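Top line first, the protein sequences correspond to chains Y and L. Each step along the first sequence adds one to the number in this note's numbering, with nothing skipped, and position 365 is 365. Each step along the second sequence adds one to the number in this note's numbering, with nothing skipped, and position 425 is 963.
Since the hints were derived computationally from the structure, they do not count as laboratory data. It cannot be assumed that every hint is accurate.
[As the list claims (entries may be wrong)] Listing some non-contacts, in silico: residues in chain L with all C-beta distances to chain Y over 10 Å: (1) Thr580; (2) Arg584; (3) Leu636; (4) Ala663; (5) Glu769; (6) Arg775; (7) Gly834.
[To be verified] Dumping the calculated DSBU-like pairs for lysine-lysine here, alpha-carbon to alpha-carbon at most 35 Å: (8) L:Lys607 x L:Lys542; (9) Y:Lys122 x Y:Lys31; (10) Y:Lys31 x Y:Lys324; (11) Y:Lys324 x Y:Lys212; (12) Y:Lys441 x L:Lys542; (13) Y:Lys421 x L:Lys542; (14) Y:Lys122 x Y:Lys212; (15) Y:Lys31 x L:Lys542; (16) Y:Lys261 x Y:Lys421.
[To be verified] Example chain L residues on the side facing chain Y (calculated, C-beta under 8 Å, incomplete): (17) Arg573; (18) Ala576; (19) Gln579; (20) Gly585; (21) Gly587; (22) Ile590; (23) Gly591; (24) Glu611; (25) Leu612; (26) Ser635; (27) Asp639; (28) Asp901; (29) Asp902.
The model shown is predicted, which means the values in this text are computed figures rather than measured ones. Glycine is no exception: its CB is placed at the ideal position from the N, C-alpha and C atoms.
Residue strings, one per chain:
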Amino acid sequence: MAVDVFDGYWLPTALRERVLTGATWETLWLKGGTLTTQDTPDAVAVRWPRLTPVQWNTLLEGLHQARTVGGREVLARWQAVLDVALTQLTEQSPAMLPALSTCTGYSPQMLAMALGQGDLVKPSSLAAALEFRPTWSVATRWEQMTGLPGRVRFFPQRTLDRATSRLVSGSPLCRPAPPIDLALGFAAGNVPGTALVIALLGGLANCAAGDKTLSPAVLVRNSRHEPLFAPWVLSVVEAIDPALVAGLAVLIWDYGDDGDKDAAMQGELMRRAGLMIAAAGDDTIAALDAIRAGVAPTLRFHCHGHKASFAVVQNQPSEIGQLKSTIPHLAALDSALWDQNGCLSARAHFVEGDAEGYAQALVNELRALSTSLPRGTTPRRLIHRAFDAYTALASTSQVRVYSTYDDDFAVIVDTRAWNAKTLRRTVNACTGRVIIVCPVKDALDAPGFLRWIPAANLQSVSVALAQDRVLEFAQAAGACGVTAVRSLGRAAFPQLAYSWDGLLPLDMGHLRPEGHFTTVEFDDLRQEIEATAERWKL
Amino acid sequence: MSDKRLEDFFTLPAAQRSQVLLEAIVAQHRYHFERNAAYQQTLAARGVGLQIGPSDLARLLRPAALAFKSYIELIGPFPQDDPQGFLRWLSDQLSVSLPRDRWPAFRRRYRTLEALLCDVERIYADLGLEIVTSSGASGRASIVARNAATVELAVEAFFTGIHRAWGISHGTAMIFVMPENTRVAMARVARLGTRQLDWAAASPVYYTMPFSATPDLIRIRAGRTFRPGLEGWIEQRMLSPFMAWANECQATPRYVATTLARLRECARTGRPLMLLGGLVQLHAIARQASVRLPPGSRVATGGGMKEQYPFTPAQIRADLSAAFGGAPVSDVYGMAEANWAAFECPQGNYHIPPWVYAVVTDDDDRIVSGPDATGLLAFLDPIGGGGLIPPFFQTADRVRLINGGSEYDPVRVCPCGYDTAFIAGNIRRVDLVEEAGCAAQI
């Protein structure tokens, strides 16, 4: 029986024949987000080319020569392409979503919902963010990126930088990085779309070099577990504006079956690159970094390793409190999307005010989401473990489990005195739609908890707070290592113009002292929450 | 409950065997549900009551590690600091009563976990409590209580198993590369069993680890969990490195020398022997010298790999076979929570005793049907599990199970001829989501 084999890679059409002639192919079978075997019912077959060193040379040369776009034009053209592309993607989605769903294990409804928010990707905002030229004053106060809502602040890593930032507050924080010919990317597949984001950001690496400098060629290692999304979107984009993606390739470049040759090939790619962006697990990051340190120690490396995110909610009468019926709905979405398999999903929810009412409302919302946004194939066992573990603690009357064993989520309120170990176990338990609510006297107590997690593992916090407390909260959270504060309901949809694990878009093309940017992604939280609620009416 | 003895299950036809076991499971469930607070609490929350039907079987299974490590969340990782809290926890785990009028006899605090556990055994000596632990490689051991009846069943299960699977019986010398004084379950059962069966009357029994291995010492040596404050600082900065050094430079040479001396002694007299120990410990011996073991001897490994080690289990087994004159090398699969062990046959399959109703569960905790099923191993041991704790557990080990539960396909019976459910191939511990990507486990 003939089987459809999907392409899990993407190359510009003009290069395909030249590069792929004589290539050998690797075909893998995927189901439920894991690699499987051909005999697994309904498994999806995906193939990648395995290139020889000569073919790699041909590809890199071809990508290099095919570049015709650079400077501000890049994002302007992405913005121009986007509306048409989204329409086409929506039209094609009935054909693609079943395969995407089978590969990733996420429900078609969840994938469709995410795809439906494509308008949240705003290249024009990204362009505005690229114009930001911070001085050291951004290390001393919250500033605005011109043309963008929200605020940004830099948290220097070195004590000396922290101490002297006021003295040099007028000096530029960043300096342009030398232009590069090649940006490398490495994308994990636990949530869809990472390869695309990296491809887009990698193309901005020469942003500081002026409009006449072309964007670098970009070569992104695709995920074996989520190989279809980026090739699909890039095919649609190419049909609209071929030049925009003429210097971009999404392939597998870690074959993993021949240690020395594999490392040598990766090393060669790193030697040629000027920037490497990787979103992956800490072990993978460490392995990439080890190769980099050996062969290309000057290669700039933007790594996005293991991260955890949280929600902080003031659930009591206040300006935000008036949105009481909206808050649990948005909070549930922040943990339900991608079933907490992504770094953006909120794990523990810190709640000021009526935590029990909040938990009960979360249960109702998550039950509704079970139908409208069903969970994927993440083992239900993880929910059961949390349910059993916290049920065993219920006798202390400090823990209450609000969901039932048959719910495909768990909601628990844990009023015990927390410490670093409690928080660590909580973070680890919150996988697969498990929400542990931690009541706090004051929402500003939450950063005190987050301090127990290594700064390198902290990512974002989605909030529902009184507007006048937002910056105070962001200041405390940023000091712990949190890099993004966004409105409740937006956890899974960060804006590319803002901080991703401490890096702003300008960091693609600039050098600066060690530290992280923390961004607040809104001006008026109430408005943002209302707009988000309107958007997420499921 | 069933009046069958463990030995009887070897001769029961498969269909009848599973029927007897299912009836015994129902009876055991009723017994424990009425008496065991922790079991009742967990199952009631899962929507299971006193009466159960076939569809409830999966819901009787409690994760083994969760059940016997739950004290950590309740009272912290050091029960010796809160003996009353520990007694409350222990009392909830048992289906027999721990008379409360004796609780005042316990001290307010103990210096060590071992001292507390000794007092539990002493103060409740009339219950015949024996407290065993998991190996505690994570620094946080499962604490499992057994009583005289369950110990007797465990001994019967273990020694029946090695007799049936490997032909080991009285007259075979036993060399355990283990400390004689430890609570680690397999070593404890070996010690109690050889005593109970008076093994030493017919052949020698040796323990060649020259030190005791209390839960406290194992924890410190594991180097992952330390006491708070100054005591913890001393444990982490001084005791743990010292123990690592002492293990490598003092203990290892001594147990290697002692074991080799015992092996040579048996070889001289031509007495068959069973050498049982961990892979790493046995490898240290095999790398030191070769001894041709007498015919009928066997090398048995157990416990899996607990630490980083530069050799794979397959390499170690090859080295063991070469060092011990081609003696068969077989593995034992067991855990503190189980009152049984599975013994590896010449085909490389692990045979689960016929009185154990073994199944595998899928990612959603449903029992996987079919005579060849893969998932997390779970077991219900209504006959051999005894009446102290509900013996229905789900492990964290992913296995391929043949002819488990009520499934039986005569074509799939192990070619070794031992007609029980068996685990084919590797046993893989599943602790975390495998494809975590950027989502942190901290």
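Going through the hints against the structure:
1. Thr580: The assertion about Thr580 of chain L is violated, with a minimum of 6 Å to chain Y.
2. Arg584: Non-interface label fails for Arg584 of chain L: nearest chain Y Cβ at 4 Å, not farther than 10 Å.
3. Leu636: It holds; Leu636 of chain L is separated from chain Y by about 16 Å at its closest Cβ, greater than 10 Å.
4. Ala663: Ala663 of chain L is indeed farther than 10 Å from all Cβ atoms of chain Y, at 28 Å.
5. Glu769: For Glu769 of chain L, whose nearest Cβ neighbour in chain Y is about 17 Å away, the distance exceeds 10 Å, so it holds.
6. Arg775: holds, 20 Å
7. Gly834: Given a closest Cβ separation of 42 Å, the condition holds.
8. L:Lys607 x L:Lys542: The hint holds at about 32 Å.
9. Y:Lys122 x Y:Lys31: Holds: Lys122 of chain Y and Lys31 of chain Y sit about 32 Å apart, inside 35 Å.
10. Y:Lys31 x Y:Lys324: violated, 39 Å
11. Y:Lys324 x Y:Lys212: Given pair Lys324 of chain Y, Lys212 of chain Y is violated - Cα atoms ~52 Å apart, limit 35 Å.
12. Y:Lys441 x L:Lys542: With a Cα-Cα distance of about 59 Å, the restraint between Lys441 of chain Y and Lys542 of chain L is violated, given a limit of 35 Å.
13. Y:Lys421 x L:Lys542: violated, 47 Å
14. Y:Lys122 x Y:Lys212: holds, 23 Å
15. Y:Lys31 x L:Lys542: The given pair, whose Cα atoms are some 45 Å apart, is violated under the 35 Å limit.
16. Y:Lys261 x Y:Lys421: Violated. Lys261 of chain Y to Lys421 of chain Y sits at ~42 Å, over the 35 Å cutoff.
17. Arg573: Violated. Min distance 16 Å.
18. Ala576: Result: holds, 7 Å to nearest chain Y Cβ.
19. Gln579: Since chain Y brings a Cβ to about 6 Å from Gln579 of chain L, closer than 8 Å, the hint holds.
20. Gly585: Hint holds; Gly585 of chain L Cβ to chain Y Cβ min 6 Å, cut 8 Å.
21. Gly587: Not OK, violated: Gly587 of chain L not within 8 Å of chain Y, min 13 Å.
22. Ile590: violated, 15 Å
23. Gly591: Check failed: Cβ of Gly591 of chain L comes no nearer than 16 Å to chain Y, outside 8 Å.
24. Glu611: holds, 6 Å
25. Leu612: holds, 7 Å
26. Ser635: violated, 17 Å
27. Asp639: Result: violated, 22 Å to nearest chain Y Cβ.
28. Asp901: holds, 4 Å
29. Asp902: Check passed: Cβ of Asp902 of chain L comes within 4 Å of chain Y, closer than 8 Å.
Comparing the model with each earlier hint shows violations of hints 1, 2, 10, 11, 12, 13, 15, 16, 17, 21, 22, 23, 26, 27; every other hint is respected.
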